[in-house]
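As numbered in our numbering, residues -12 to 159 make up the sequence shown, in order.
Treat the hints loosely; a few may be bogus.
[Said to hold, decoys possible] In silico EDC-like links for lysine to aspartate or glutamate, alpha-carbon gap of 16 Å or less:
| no. | residue 1 | residue 2 |
| --- | --- | --- |
| 1 | Lys134 | Asp147 |
| 2 | Lys58 | Asp83 |
| 3 | Lys57 | Asp94 |
| 4 | Lys100 | Glu154 |
| 5 | Lys123 | Asp83 |
| 6 | Lys20 | Glu61 |
| 7 | Lys100 | Asp83 |
| 8 | Lys100 | Asp147 |
| 9 | Lys57 | Glu23 |
| 10 | Lys57 | Asp83 |
| 11 | Lys123 | Glu148 |
| 12 | Lys71 | Glu61 |
| 13 | Lys100 | Glu148 |
[Said to hold, decoys possible] If you anchor each label on the Cβ, the simulated ranges turn out as follows:
| no. | residue 1 | residue 2 | range |
| --- | --- | --- | --- |
| 14 | Lys45 | Ala70 | 19 to 25 Å |
| 15 | Glu49 | Phe137 | 30 to 36 Å |
| 16 | Asp130 | Ala69 | 21 to 27 Å |
| 17 | Ala99 | Gly75 | 32 to 38 Å |
FYI, nobody ran anything at the bench for these hints, they're computed from the structure.
Note that beta-carbon positions come from the ideal geometry of N, C-alpha and C, so glycine has one too.
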Amino acid sequence: KRFGDEIYLSASKRLNSLIGNESLVYAALRKQKEEEERNRKRQLAIQERKAYTALYEKQIAENLSAEGIKKNVEQLSSGGAAAKRAAGWLVLAGTDALPYMHAALLDATSTAKFKYKLISMLGVIGDQSSIQPVLKTLQADPDLIHKDVFLSLSHMPVTDEVFSFVEKQLIN
């Protein structure tokens, strides 16, 4: 306990014994003490919000930097919660993440599952510059063609190249 609390408690106990529990003095002291406690909690909440804001700003700076984007592209290849977090950061990075994602998509050592995740993420971002790498990957590895890939392509601007690719796949 704080020293001031002990003084307050001893003073309020003496007052209670002298004038009774429902005295105006006791009520005023109690109200003042409650107000002080509310103010203390309010200040603590403000400090916590500032701390969380600073932490979030730091995470934004780290994850939206070039190194952070590279790290998130690598984490996307893993499974679980790390991949989900990485996907969220890559969407926030938007077009800044595209060169790294395109490079990973066109990398011959990337697994089919990783390429599939990348195509899905590129569809979420929906930038026209992603059409060429996606089509090149799909033409090189037809096993990746799936209905969700078509959904990703539908989020990108429709070009003649996309239209002819989709039409060719649907006819075959």
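Verification of the hints:
1. Lys134 / Asp147: Given that 16 Å is the threshold and the Cα spacing comes to 19 Å, the pair is violated.
2. Lys58 / Asp83: Holds, at about 13 Å.
3. Lys57 / Asp94: With a Cα-Cα distance of about 14 Å, the restraint between Lys57 and Asp94 holds, given a limit of 16 Å.
4. Lys100 / Glu154: Violated, at roughly 24 Å.
5. Lys123 / Asp83: 21 Å, violated
6. Lys20 / Glu61: 54 Å, violated
7. Lys100 / Asp83: 23 Å, violated
8. Lys100 / Asp147: 27 Å, violated
9. Lys57 / Glu23: 49 Å, violated
10. Lys57 / Asp83: Measuring from Cα to Cα gives roughly 11 Å; hence the hint holds.
11. Lys123 / Glu148: 11 Å, holds
12. Lys71 / Glu61: 12 Å, holds
13. Lys100 / Glu148: It is violated: about 24 Å lies between the C-alpha atoms, which goes past 16 Å.
14. Lys45 / Ala70: 19 to 25 Å: With a Cβ separation near 22 Å, Lys45 and Ala70 satisfy 19 to 25 Å, so the hint holds.
15. Glu49 / Phe137: 30 to 36 Å: 35 Å, holds
16. Asp130 / Ala69: 21 to 27 Å: 26 Å, holds
17. Ala99 / Gly75: 32 to 38 Å: 23 Å Cβ-Cβ, so the 32 to 38 Å window is violated.
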